[in-house]
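K.L.:
For reference, the chains in residue letters:
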Amino acid sequence: MPEQLVFAMEVILNGLMAGVLYALVALGFVLIYKASGIFNYAQGVMALFAAMTLVGIMSGQVPFAHIINATFGTHVHKFGWTVPALLAIILTMGVMVLLAWAVQRFVMRHLVGQEPIILFMATIGLAYFLEGVADLMWGSEIKTLDVGLPQGINLWIDEATFNIFGYGFFIDNLDIVATVIAALLVAALVVFSQYTKQGRAMRAVADDHQAALSVGISLNFIWIMVWSVAGFVALVAGIMWGTKSGVQFSLSLIALKALPVLMLGGFTSIPGAIVGGLIIGVGEKLFEFAIGPLVGGATENWFAYVLALIFLVFRPQGLFGEKIIERV
Amino acid sequence: MLDAAQTTEVQAETLLEVNNIEVIYNHVILVLKGVSLTVPKGGITALLGGNGAGKTTTLKAISNLLQSERGEVTKGSITYRGSNVHESDPADLVEKGVIQVMEGRHCFEHLTVEENLLTGAYTRKDGNAAIQQDLELVYTYFPRLKERRRSQAGYTSGGEQQMVAMGRALMSRPETILLDEPSMGLAPQLVEEIFGIVKDLNEKEGVSFLLAEQNTNVALRFAHYGYILESGRVVMDGPAADLRENPDVKEFYLGMSDEGRKSFRDVRSYRRRKRWL
Numbered sequence: 001m002p003e004q005l006v007f008a009m010e011v012i013l014n015g016l017m018a019g020v021l022y023a024l025v026a027l028g029f030v031l032i033y034k035a036s037g038i039f040n041y042a043q044g045v046m047a048l049f050a051a052m053t054l055v056g057i058m059s060g061q062v063p064f065a066h067i068i069n070a071t072f073g074t075h076v077h078k079f080g081w082t083v084p085a086l087l088a089i090i091l092t093m094g095v096m097v098l099l100a101w102a103v104q105r106f107v108m109r110h111l112v113g114q115e116p117i118i119l120f121m122a123t124i125g126l127a128y129f130l131e132g133v134a135d136l137m138w139g140s141e142i143k144t145l146d147v148g149l150p151q152g153i154n155l156w157i158d159e160a161t162f163n164i165f166g167y168g169f170f171i172d173n174l175d176i177v178a179t180v181i182a183a184l185l186v187a188a189l190v191v192f193s194q195y196t197k198q199g200r201a202m203r204a205v206a207d208d209h210q211a212a213l214s215v216g217i218s219l220n221f222i223w224i225m226v227w228s229v230a231g232f233v234a235l236v237a238g239i240m241w242g243t244k245s246g247v248q249f250s251l252s253l254i255a256l257k258a259l260p261v262l263m264l265g266g267f268t269s270i271p272g273a274i275v276g277g278l279i280i281g282v283g284e285k286l287f288e289f290a291i292g293p294l295v296g297g298a299t300e301n302w303f304a305y306v307l308a309l310i311f312l313v314f315r316p317q318g319l320f321g322e323k324i325i326e327r328v
Numbered sequence: 001m002l003d004a005a006q007t008t009e010v011q012a013e014t015l016l017e018v019n020n021i022e023v024i025y026n027h028v029i030l031v032l033k034g035v036s037l038t039v040p041k042g043g044i045t046a047l048l049g050g051n052g053a054g055k056t057t058t059l060k061a062i063s064n065l066l067q068s069e070r071g072e073v074t075k076g077s078i079t080y081r082g083s084n085v086h087e088s089d090p091a092d093l094v095e096k097g098v099i100q101v102m103e104g105r106h107c108f109e110h111l112t113v114e115e116n117l118l119t120g121a122y123t124r125k126d127g128n129a130a131i132q133q134d135l136e137l138v139y140t141y142f143p144r145l146k147e148r149r150r151s152q153a154g155y156t157s158g159g160e161q162q163m164v165a166m167g168r169a170l171m172s173r174p175e176t177i178l179l180d181e182p183s184m185g186l187a188p189q190l191v192e193e194i195f196g197i198v199k200d201l202n203e204k205e206g207v208s209f210l211l212a213e214q215n216t217n218v219a220l221r222f223a224h225y226g227y228i229l230e231s232g233r234v235v236m237d238g239p240a241a242d243l244r245e246n247p248d249v250k251e252f253y254l255g256m257s258d259e260g261r262k263s264f265r266d267v268r269s270y271r272r273r274k275r276w277l
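Residue numbers (this note's numbering), protein chains in the order written: chain A, 1 to 328; chain B, 1 to 277.
Hints may contain errors.
[Unchecked claim] Have a look at the derived ranges for each label pair, beta carbon to beta carbon:
1) A:LEU309 - B:SER88: 29 to 35 angstroms
2) B:GLU205 - A:VAL133: 51 to 57 angstroms
3) A:HIS110 - B:GLU147: 54 to 60 angstroms
4) A:LEU309 - B:GLN132: 44 to 50 angstroms
Treat the hints as calculated values from the structure; they're not laboratory data.
This one's a predicted model, so the numbers in the text were calculated from it and none came from an experiment.
Just so you know, even glycine gets a beta-carbon here, dropped at the ideal spot from N, CA and C.
If we strip away everything but chain B, and leave its shape as in the complex, we get (with noise of 0.2 angstroms):
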């Protein structure tokens, strides 16, 4: 059984295959010391790690929103579909099937809620009807949405606001979303549901997932690939449950050992002692 879930695991087709990059911002500042990862079609894939261990950046430096940032990519190679895009523009990218949602929701605060979902759909030439068709699908997956389609982005609350950014995502028929630290700020309930929408995005509309999350326990319940960054460099990676079941995993990032939980104080000094590099 096991076997042959790996073996069909294997055979997924790779999407993104993000291979040793090295970033650096403003010339002198380098966040990503090398960071290689693949996204399967029809996988969730998350990315782990603290803050300031590179996961925004790593998404960033796929997404090629960098450049306004003063980021740029030294090394190493971004492939979509075995074509390189490393240096193509974002609406190339989104024209290609991926579509980033950025940290921190970033809605467009004067527009409407349905405004703001058009824009998503910027970049496509399918003509109007198949836009109004994908736009009921979006209220269909966020029907919180559609009460509040009038109302302006910036007035709705954050839990709105992460719906509007990611059905906005949808609206450009994306095969790949890079879905930056979604539960930031949100209540527990709603990072439930919001990653119950992520699962069934990806399984009922096929898409493909990249996920940045500081919530590991989260990401890891609802991904099926995992990997840890720490410091700009990927430390661990594993199938989700694997990772799940890591001793070290475990105790560094869901604060448990085997003597049960720890307290909070506990963990920081063991953790400053032993570290993975």
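One chain only, chain A, in its complex shape (with noise of 0.2 angstroms):
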């Protein structure tokens, strides 16, 4: 087998690694709008929220300790002890609902009925407001998070691969769990938004709230849960992003990253954020290794948007969304 080709496979397979996590972000925006047809510019945001709220957690930090010591004189940081990663997760799982409810009783519930840009605006001074409160919370140094997810190169497959093809590929464990865990999460809210009553009920609050309204669903309960469930994708994208690069500041700016990904998956499909993403991590990872020696390299940087564009001329609603369904 001609080394080149050996080395578009790594390509595609690492591609396809990535391309999970970028899914696993865009899910998070996908809930969101088929549920309230509101864009959150937030979702990055809440996932470095929920990464810094778990490593808190874990470690013992005292939340608000600047504030805290800045007026009271203390010097408090650590509560001295550490808390196991399961118990953790579980906890910062508590604190995104609890964001959930309070997203949407001061800020969602007195702009029902509003124009979708409106509701943008809000996401977007979300987003802002939330980092803030990380800040204050957390702290901002880089921090490292470490639940016990396996990390490094996967020896099974250097070797399997060692023996087929003369060389071995670079596949990180990280990234394998991340895929079983995106595949998880799909299948789960898939069967849930399908299947379930509370599901159907999301559905419904989607295509017409004041029919849902109508029918008695309480739009406050469907959008508390759905912004729960957001914020659980989150937590499960930061945790996964944390681990890979370290709990820092600039990982809401994945949330941008996530973009591409919609447009091309559409905005309204669950499984369509997960092609989208698996499609971008391939695309940009293969653009570079082919195109990218021909124009200098960093085609990463913009690869994906430019694939955007262009479904956004020729497709408008995705791969996979749902036709906008017009009667003449």
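Using the supplied hints, reconstruct the complex from the two chains, each of which is provided in its own coordinate frame.
P.N.:
Written out as structure tokens, the structure reads:
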């Protein structure tokens, strides 16, 4: 087998893995967009917030330590305990549910029936507010996150591919775990939204707020539920990205990478988010590998956006987006 | 005979009582200026009037869907079975047995017909078996929906969507249905079909209706009692049979007069000169 082809295969595999991580972030967007028609700009920051809270709880950090110390002249920083990963994840999920409730209670409830652009602006505000809160609560230094996920090269794949191709593929264990978790998450979400009463109500709310109200569906409850689920997805994405590249404020920028994923997959499709993520992941890696050297590299920065632009022109609802039903 | 019929009507239990309500949109636009009406158990009560008379607003005031449209009941009271429902949640009202079928159908477009119907049972807590049973009941009233149960509601015809919306309301096991403009945009034949089903539901299932309708002719044929709204006020009410014979109603809403049918142009100019209020 020619060496170039084997290289390309490794690139594709790595692209798939990276795509899964993009898809995880995109999923959170899709959920909220489906249920409330809101494009939640704060999704990336939610992932950051979740990751920071998780690290903070695990390491026994005192929340708002800076404010407390500045006001009372104390010097508390740590509680002096550490919390096991699983318990910390559950506690963080509790915080995310609380956040969902607060968003609904203090922001979205007052904006029912407003234009989508106003709701979008509200989420931009929310994003910066949340970033500030995260900073105040847990401090701004870069932290490492280790919840016990396996990391480093997968030796089994390395060896197996070496035996076949005479060249060992470098696949990170973390990426494999992320893929498995993403697959489970998507399966669970699809089952939830297609086959359960609350899932059906969620889709009903997405279609027509007024009609949903008229049959007795509580918009408040559904939206808190959706924001909580989006918070959970953000937490999973936060754990994956945090483990991979450390918990830092640039984490919130992965939200921008999710945008082209959404344009490809469609804003309303859960499987679309996954497929879109994979296409972007593979596409940008492969493009960099094949065309990058010809144009001087760094194509990964813009490839996804150009692809999204092309899609916007020829298929605005994305690959799997719901067709806009228009009656004549 | 007539007397006997009237006394039983008086004796019929009052379900819904709207007492002199005033509705203001956006804090400034006064839409209802004192509307009062009662809906008796087992009756079909029609709410008639032209565009902008306040029919839809009245229904939404009752079902509490006004809040999400920035409307507000500022005066008067609304009671259901004697208890005040003025500020209760739409979901509470559905549980009490009052559900609205909104104007313009409002189906959940991306859900299938059957999923649409099932959302109607959202507030019910009597288990899946009972819900499945009612689903079959809805299909016996709307056999066409059974054929199309797996198609997306957005791709069904206007008449079918009206049926979906009504079937969805039925799934909540309602005592009273607030039915807003069921004839809108439908062919006359379909309008007859829909009203026939309303009559059936009323007689066989004992569902009471408050029906807002512009099509005065059809509505007065099927209803028992009628209220006529004009610019946010009730200008006339009475048993449907009496309203049908009333010369003013004939002239303004049925387009007929003693000299026979008038041309639309004459009706309009006449109307401008003579108004009720």
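K.L.:
Take the hints in turn and mark each one as holding or not.
P.N.:
Here is how each hint holds up against the structure:
no.	hint	result
1	A:LEU309 - B:SER88: 29 to 35 angstroms	violated, 50 angstroms
2	B:GLU205 - A:VAL133: 51 to 57 angstroms	holds, 54 angstroms
3	A:HIS110 - B:GLU147: 54 to 60 angstroms	violated, 44 angstroms
4	A:LEU309 - B:GLN132: 44 to 50 angstroms	holds, 49 angstroms
Hints 1 and 3 from the earlier list are contradicted by this structure; the remaining hints agree with it.
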